[in-house]
Structures are given as C-alpha cells and as structure tokens.
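Protein chains: 2
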Amino acid sequence: MAPGLGADELRVRLAAARVARLATIRPDGAPHLVPFCFVLEGDVLYSAVDSKPKRQRSLARFRHVEAEPRVSVLVDHWSEDWAQLWWVRVDGRAAEVAHESEEERRAVALLMQKYAQYRSAPPEGPVLAITGERWSSWVASA
Amino acid sequence: MAPGLGADELRVRLAAARVARLATIRPDGAPHLVPFCFVLEGDVLYSAVDSKPKRQRSLARFRHVEAEPRVSVLVDHWSEDWAQLWWVRVDGRAAEVAHESEEERRAVALLMQKYAQYRSAPPEGPVLAITGERWSSWVASA
Numbered sequence: 011m012a013p014g015l016g017a018d019e020l021r022v023r024l025a026a027a028r029v030a031r032l033a034t035i036r037p038d039g040a041p042h043l044v045p046f047c048f049v050l051e052g053d054v055l056y057s058a059v060d061s062k063p064k065r066q067r068s069l070a071r072f073r074h075v076e077a078e079p080r081v082s083v084l085v086d087h088w089s090e091d092w093a094q095l096w097w098v099r100v101d102g103r104a105a106e107v108a109h110e111s112e113e114e115r116r117a118v119a120l121l122m123q124k125y126a127q128y129r130s131a132p133p134e135g136p137v138l139a140i141t142g143e144r145w146s147s148w149v150a151s152a
Numbered sequence: 011m012a013p014g015l016g017a018d019e020l021r022v023r024l025a026a027a028r029v030a031r032l033a034t035i036r037p038d039g040a041p042h043l044v045p046f047c048f049v050l051e052g053d054v055l056y057s058a059v060d061s062k063p064k065r066q067r068s069l070a071r072f073r074h075v076e077a078e079p080r081v082s083v084l085v086d087h088w089s090e091d092w093a094q095l096w097w098v099r100v101d102g103r104a105a106e107v108a109h110e111s112e113e114e115r116r117a118v119a120l121l122m123q124k125y126a127q128y129r130s131a132p133p134e135g136p137v138l139a140i141t142g143e144r145w146s147s148w149v150a151s152a
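Residue numbers (the working numbering), protein chains in the order written: chain A, 11 to 152; chain B, 11 to 152.
No lab work stands behind these hints: they were computed from the structure. Because the structure is a prediction, the values reported are computed rather than measured. Some hints could be false.
No copy labels: a pair is met if it fits in one copy or bridges any two.
Below, simulated SDA-like cross-link-like pairs (lysine to any residue); rule was C-alpha separation at most 25 Å, straight line [to be verified]:
#  : residue 1 : residue 2
1  : K124      : E78
2  : K124      : S151
3  : K124      : W145
4  : K124      : R28
5  : K124      : D38
6  : K124      : A77
7  : K124      : D86
8  : K124      : P37
9  : K124      : A93
10 : K124      : E106
11 : K124      : D91
Build out the structure end to end from the sequences listed, making use of the hints.
This is the structure in structure tokens:
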C-alpha cells in the first residue's frame, strides 16, 4: 500500500483546493467527468451550478446522481518535481439539496466565502451535496 | 449548448496537458478516479504504470477496464480568472497494451519523449491505451 496523508492533513488539503473533478455515472453506465468548484463542510462537499451558459450542461450531473448517487471526487496536485505529487480522493453519495432550504442558503454562503468570484455573481442553480464515505490519498515517496 | 473548442485546438490542448484524470468503473459499478500522465498519438492516449511503489494501486485501473472498458478522461485548466477556464474531455475505451509488443515500446518511447521524468526511470509497468470515441470541450465565455 502506497503512503497516504493523515486524516487531518487530507481534509486540510481537500478544503483548500480551488478545483476538483467529479465522476458520476451516465444512464448507460459509462463514467462522466467534469471539473467543479466546491466547499467542504464536515463530511460534505457542496457545489453549485454557477452560471447560466453552463446550466444545461451542468444539469447532467444532477440527472446522473438521481439515478446513481455514487460519485468520486479527486483533488490532485501537479508538479514537474514528481516527489511533490499528491492526491486526495473522496468516494461518496451525491444528492441535490432542496431548493430554497436552509442547507442550500448555507452552502451558497460558504461557496461565496471561499470563492470571491461568486460574490459578484452568486450561484443561482441547484446545489449538489456530496457526502464523503471513503477518504483516500496518495503522496509521492520522496 | 456552451461553446467548445475547435477540433484542432482541442487536440493541441489535450496533447500539451501534463496531467489528466481518468475515470473508470469499479466492479461494483461506482466510479473510480486517478490522476495520470499520458501522451496522445492520433486518437489514442497512452499511459503507463510508472513506479514500483504505485504498482499495486495503479493496477486497479487495469482490472477495471478489463471488465468495463468505457472510461472518461478530463483535462481542465484552472485560473482564478474564470473567463480563462476551459476543459477537454475524451470518452472512450481502454485496454492494456500487449506486453513487449511494438505498440508498447512505441508508447513508452513517446512517454519518455514527453516527460523528462521518465527518462531517468522509464515506466516498467503495463501500458494502457485509451481510444477516444467522443471528444468534447468547454471554454468560458469571456
């Protein structure tokens, strides 16, 4: 087994990441991948559809998780010095947060706190909640 | 439909990317994600298991594609200026390249040409070939 990060360090690096990649399952069983912005609160990653031009496209992930809630999220650190490489993965279940709920308002507020870009244009679309069930990581052995 | 890149530009950006993310399907049907280095030749992305400490872990992807060859690959460009964001996705089928075949030797040579890091420590493990079937992309509208 390759070395991983400690549980605390894993969460620190995950929470600090500006972008992650989300894998969902398409209706035909094939994997689907998109980059996304998120905020970590406890064991939950929140993300939102952020702009109108992407709304149609982004909704694919909501359709997918309705049929198959299992998702995988990856944050990886790239460096040309491969001794600096690391990644964090969260496998869990995703669901749309109820529209206009307290949880949705809190998630949007947390996203605006993390991303200045959201402050001038708050995300309008649905909010996705991914509850982490399995946390894994890898760090290069220097 | 959000704007995408032209077919040539999509390939140029994909080929130049230093790292991508690979989504495969686990035996239980859930998605699995790892970052990986690759080289693009025609419609095929080649990657290799690059170091002994990762060998066991990396083999998961080979087991996965043997049972379910459909994979998704994502290259995304991050910027704090969201008008600069873009991504390229390749959906296709993956298979292990025959060991000690001409194709395997060519793939390893191409990987060593793209990544100086491989030149001092050539990848030893199996080589994965992902044949792209659906090419998609997204660019932020400025």
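Exercise. Looking back at the hints listed earlier, which ones does the structure fail to meet?
Worked result: Violated hints (numbers, rising): 1, 5, 6, 8; every other hint is consistent with the structure.
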